[in-house]
Amino acid sequence: MTAPQHDRAGGFRRLGRGETYSEQSVLGDHAARDRRVGSTLPFNDERHLRAHQLLVDEAYLLDAQAYGEWLDLFTDDVHYVMPVRVSTALGTGYDSSPGMAHFDENKYSLSRRVARFRTEHAWTEDPPSRLRHYITNVRTFATAKDDHLIVDSAELLFRSRGDVNEAATVSCGREDLLRREGDRWKIARRTIFIDESVIRMQNLAIFL
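Under the UniProt record's numbering, the residues of the sequence shown are numbered 1 to 208, in order.
Just so you know, the hints here were simulated from the structure itself, not pulled from any lab data. Note that the structure is a prediction, hence the values are computed from the model and not measured. Don't be surprised by glycine CBs; every beta carbon is placed ideally from N, CA and C. You may find that some hints are simply not true.
Unchecked claim - Straight-line distance between alpha carbons at most 35 Å, and here's what the computed DSBU-like set of lysine-lysine pairs gives:
#1 K186 / K145
#2 K107 / K186
#3 K145 / K107
Stated by the list, open to error - Label-pair ranges, simulated between beta-carbon atoms:
#4 L204 / G68: 30 to 38 Å
#5 E181 / H121: 27 to 35 Å
#6 N165 / V86: 25 to 33 Å
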């Protein structure tokens, strides 16, 4: 399959047959395209155990808002995307809004968001939120490359900020592509499928 052509002035386009969400996006141009092969790996498979540990360790870093260490879990060519979900009739063939995403990030844009937290302009996180990321339903799949894995997971985020605002929750599923670099596995692609079409959280100054 030839690489899709992008309108460089826009960030996103409609998903084509067999494409990943990264292939819609200008920022995802250089992201890995690997896809799952076969059924899930056994839960006692070393690759599954390493992948599961990475996701749990990541959750603790996000809860602690240790964003510098969190960024180090990603490859330099990572694409981090959360499409906008829509409600459509049965059989329509899509459930995300063509050309739209809540997050459409590469490593550089993620690093700029993290850097902003350290400035006086990050008013959405001053005082900082109290966060708890719950990770479950982890399934791991091989790909055509021995050093790449696909990992599905479910995530529930609890977020509380200040003393008067009501706490908020976000439920989502994630598909991660992991790549082995040396003796470490890193996240080379993340697609987040939020379980709401209208997000009720006040802002998205957090990571999923």
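- Message: Check the hint pairing K186 with K145 against an upper bound of 35 Å on the C-alpha distance.
- Response: holds, 15 Å
- Taking 35 Å as the top limit, are the C-alpha atoms of K145 and K107 close enough? holds, 23 Å
- Query: Using the C-beta atoms of N165 and V86, is the stated range 25 to 33 Å upheld?
  - Reply: 28 Å Cβ-Cβ, so the 25 to 33 Å window holds.
- Agreement of K107 and K186 with the hint, judged by alpha carbon distance not exceeding 35 Å: Given that 35 Å is the threshold and the Cα spacing comes to 12 Å, the pair holds.
- Check the following: the C-beta atoms of L204 and G68 are separated by a distance inside 30 to 38 Å. 20 Å Cβ-Cβ, so the 30 to 38 Å window is violated.
- Task: Just tell me: holds or violated, for the beta carbon distance of E181 and H121 against 27 to 35 Å?
- Result: With Cβ atoms ~33 Å apart, the hint holds.
Consistency note: the structure conflicts with earlier hint 4 alone.
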